[in-house]
Amino acid sequence: MTTYTCIIIDDERKAIELLSDTIEELYDNISIIGTYTSWKEAVVALKKDNFDMLFLDISMPEKSGFDLLAFVPNIKSEIIFVTAHAEFALDAFNYPTSGYILKPVEDVALSKAIDKAISRIEKKAHIPEPTITTKKITIPNKKGLDFVEQADIVFFEALAKNTRIKKKEGEIVSTQAFGTFRDMLNHQPYYQVHRSFIVNVDHIVRYETTGILIMNDGSEIPVAKSMRDDFIKLFGKKF
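In numbering that gives the first Met the number 0, the protein residues as written are 0 to 238.
Hints should not be assumed to be uniformly reliable.
Pair ranges (Cβ atoms, derived) [unchecked claim]:
| id | residue 1 | residue 2 | range |
| --- | --- | --- | --- |
| 1 | LYS111 | VAL204 | 43 to 49 Å |
| 2 | LYS47 | VAL107 | 27 to 33 Å |
| 3 | ARG205 | LYS134 | 43 to 49 Å |
| 4 | PRO221 | GLU86 | 19 to 25 Å |
| 5 | THR174 | GLU11 | 34 to 40 Å |
| 6 | GLU23 | LYS46 | 25 to 31 Å |
| 7 | SER225 | ARG163 | 20 to 26 Å |
| 8 | GLY33 | PHE146 | 38 to 44 Å |
| 9 | LYS134 | GLU86 | 21 to 27 Å |
| 10 | ASP20 | VAL42 | 33 to 39 Å |
No wet-lab data here; the hints were simulated from the structure. Think of the CB as a built atom: it goes at the ideal place given N, C-alpha and C, for glycine as much as any other residue.
Build out the structure end to end from the sequences listed, making use of the hints.
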């Protein structure tokens with residue numbers, strides 16, 4: 000039997016203990032390799048990205064769960080949100096999530112999310128990773144599938160359950176969730192600069208001190224405050 004690893008991020012230690020106990024009661028092939036209650040500890044753990052599943056609280060005192068994912072983009076693990084707030088569900092669609100569970104956690108809801116995560120992990124294990132040399136990207140939409148040259152894409156924008164793909168000429172609204180694109184585009188020239196934006200860095204012409212990227216088609220893309228320092232460190236010499 001395959002063993003899967005997970006970490007839990009929640010500012011409430013009691014919530015972590017309850018979730019850990021439930022996971023261990025339901026699954027003997029899931030190993031909890033870390034639990035974190037603080038922002039700094041969570042960031043260090045996420046950057047390692049050495050786990051299969053992430054159980055993540057959303058509403059936390061220092062930073063939200065969404066802030067954490069924006070600060071450490073391109074996490075490959077399956078994300079399962081665990082929160083007491085139903086109103087965050089729409090924002091969760093921007094991420095490749097396997098589940099959105101409300102507290103107090105029920106066994107049925109937890110099992111459904113974990114089973115989905117395991118299924119997705121197994122499927123990804125049989126799909127080759129996209130590479131920098133990929134020339135075209137497949138974009139599903141209401142009319143079918145568009146095969147778009149990588150060099151023609153300027154940016155991706157989250158639109159609720161859909162995704163807007165801005166090209167050098169025109170745009171496409173894809174029926175595929177932003178989170179799915181985010182999970183696929185974990186390589187250059189793509190870089191997530193905001194919870195709702197992934198840009199093609201080859202189309203950036205200027206970064207303004209206000210945190211705005213000017214693209215070569217005239218579009219203005221915001222860079223999240225939590226990601227500006229990392230962006231400048233990575234690309235400061237390029238622009």
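Hint check results:
no.: 1; hint: LYS111 to VAL204: 43 to 49 Å; verdict: 46 Å, holds
no.: 2; hint: LYS47 to VAL107: 27 to 33 Å; verdict: 31 Å, holds
no.: 3; hint: ARG205 to LYS134: 43 to 49 Å; verdict: 27 Å, violated
no.: 4; hint: PRO221 to GLU86: 19 to 25 Å; verdict: 23 Å, holds
no.: 5; hint: THR174 to GLU11: 34 to 40 Å; verdict: 37 Å, holds
no.: 6; hint: GLU23 to LYS46: 25 to 31 Å; verdict: 26 Å, holds
no.: 7; hint: SER225 to ARG163: 20 to 26 Å; verdict: 23 Å, holds
no.: 8; hint: GLY33 to PHE146: 38 to 44 Å; verdict: 40 Å, holds
no.: 9; hint: LYS134 to GLU86: 21 to 27 Å; verdict: 41 Å, violated
no.: 10; hint: ASP20 to VAL42: 33 to 39 Å; verdict: 26 Å, violated
Checked against the numbered hints given earlier, this structure breaks hints 3, 9, 10; the rest are met.
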